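S.K.: Here's the letter readout for the chains.
2 protein chains.
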Amino acid sequence: MKKLFLVFSFFLALAASAQAQSSKTAIDQANRNWITAFNKGDAAAIARLYTEQATILPPGAPMAKGRAAIEKFWQGAIQNGIKNAALQTLNLEQHGRLAREIGRYSLDVPDAEKKLVRVEGKYVVIWKKIGPAWMLDTDIWNADK
Amino acid sequence: MKKLFLVFSFFLALAASAQAQSSKTAIDQANRNWITAFNKGDAAAIARLYTEQATILPPGAPMAKGRAAIEKFWQGAIQNGIKNAALQTLNLEQHGRLAREIGRYSLDVPDAEKKLVRVEGKYVVIWKKIGPAWMLDTDIWNADK
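Those sequence lines, one after another, are chains A and B.
At position 94 of the first sequence (counting the first as 1) the number is 94 in the numbering used here, and the numbers step up by one without a gap.
At position 23 of the second sequence (counting the first as 1) the number is 23 in the numbering used here, and the numbers step up by one without a gap.
Same shape as in the complex, but just chain A (with noise of 0.2 Å):
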């Protein structure tokens, strides 16, 4: 009986592990879609990216929610000329069908005579799962400097 319970308990830490495996691949995708989104100039592909009711919460602007407001802000950002963003996750936590990622960001953004300059950040995301899909449900970074 006990080894049965052994047996059992390796099979559900396996299906916890491979589960944990799959939002981790699913969300470094959703990750990969929203800077090919954004190096595209794609607003409404990055805004479709989020849930519905998902808030971002960007350093120097108030704080968007719902995906018109999401949309409208990185087209702004993109017509400001930002360009060449990359995102690297440092660590993703798995709660159910909620996950929280902490990463590095880093962005190109004109100077004043509109020399591209590089800016490197942090961010955290709250991940939520609807339906088959990982999408962005909270969203806050700020600048190393």
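Errors might be hidden in some of the hints.
To be verified - Far from chain A by the CB rule (all over 12 Å, computed), these chain B residues: (1) K2; (2) F11; (3) A20; (4) A45; (5) R67; (6) Q79; (7) N84; (8) V109; (9) D111; (10) T138.
Said to hold, decoys possible - Once the Cα atoms are required to be at most 30 Å apart in a straight line, the calculated DSSO-like pairs of lysine-lysine come out as: (11) K115/B to K65/A; (12) K145/A to K145/B; (13) K129/A to K24/B; (14) K145/A to K24/B; (15) K145/B to K72/B; (16) K2/B to K65/B; (17) K83/B to K145/A; (18) K114/B to K145/A; (19) K24/A to K65/B; (20) K65/A to K24/B; (21) K65/B to K129/A; (22) K40/A to K145/B; (23) K145/A to K40/B; (24) K72/B to K40/B; (25) K129/B to K65/A; (26) K114/A to K145/B; (27) K145/A to K72/B; (28) K65/B to K145/A; (29) K145/B to K115/B; (30) K129/B to K24/A; (31) K129/A to K65/A; (32) K83/A to K115/B; (33) K145/B to K72/A; (34) K129/B to K72/B.
Simulated from the structure, these hints should not be mistaken for lab results.
From a predicted model like this one, the values you see are computed outputs, not experimental measurements.
Every residue, glycine too, gets a C-beta built ideally from N, C-alpha and C.
Mind docking chain B on chain A? Use the hints.
M.R.: Below, chain B alone, put in the same frame as chain A:
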């Protein structure tokens, strides 16, 4: 049987609501403790409100992980003359032993002439329930301007 199910569902919903209420109350109290500790200049007491492995992601500074690093960061902020912290929860979502808070903060920060300037901004905190206590596990913020 259907009636029994409805009664059962009602009590289940009531219990869930009571649990959400109690996490809200506990997190409100933890936020008040945070403010009291900060405004007394007690960085060690602030650090004890975070989980052992918590991460803070301050604007204009590298992220800091673990209570010792978190205490050192807040000690620095206090020594730099930052005063009168205030927090306001805008939205709190509980998911089991995890909660995601979105809020607004204000701080009085000394400028180059040591005159205090009001800084307002927004934050996201991921809370974890450790034993009976709700503790800050991920803490990130940025200024509006």
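S.K.: Hey, does F11/B actually stay past 12 Å from chain A on C-beta?
M.R.: Answer for F11/B: holds, closest chain A Cβ roughly 23 Å.
S.K.: Between the alpha carbons of K115/B and K65/A, is the straight-line distance 30 Å or under?
M.R.: Roughly 34 Å between the alpha carbons, so the hint for K115/B and K65/A is violated.
S.K.: Are the Cα positions of K72/B and K40/B separated by 30 Å at most?
M.R.: Measuring from Cα to Cα gives roughly 16 Å; hence the hint holds.
S.K.: Would the hint linking K129/A and K65/A be met if the CA-CA limit is 30 Å?
M.R.: holds (18 Å)
S.K.: Can we confirm that no CB of chain A comes within 12 Å of the CB of R67/B?
M.R.: Consistent with the label, R67/B stays out of reach of chain A, its closest Cβ about 17 Å off (over 12 Å).
S.K.: K65/B and K129/A were given as a pair; does the straight-line alpha-carbon distance stay at or below 30 Å?
M.R.: Distance ~27 Å between K65/B and K129/A Cα, so the pair holds.
S.K.: Check the non-interface label on A20/B: least C-beta distance to chain A beyond 12 Å or not.
M.R.: holds (15 Å)
S.K.: Is K145/B close enough to K72/A, meaning Cα to Cα at most 30 Å?
M.R.: holds (19 Å)
S.K.: Grab the minimum beta-carbon distance between K2/B and chain A and tell me whether it stays above 12 Å.
M.R.: holds (29 Å)
S.K.: Taking only the CA atoms, is the gap from K129/B to K65/A under or equal to 30 Å?
M.R.: holds (27 Å)
S.K.: Please verify whether K24/A and K65/B have alpha carbons no more than 30 Å apart.
M.R.: holds (22 Å)
S.K.: Does the no-contact call for V109/B survive, Cβ to all of chain A over 12 Å?
M.R.: At about 15 Å from chain A, V109/B clears the 12 Å cut-off, so the statement holds.
Hint compliance for this structure: hints 10, 11, 14, 16, 32 are not met, and every other hint is.
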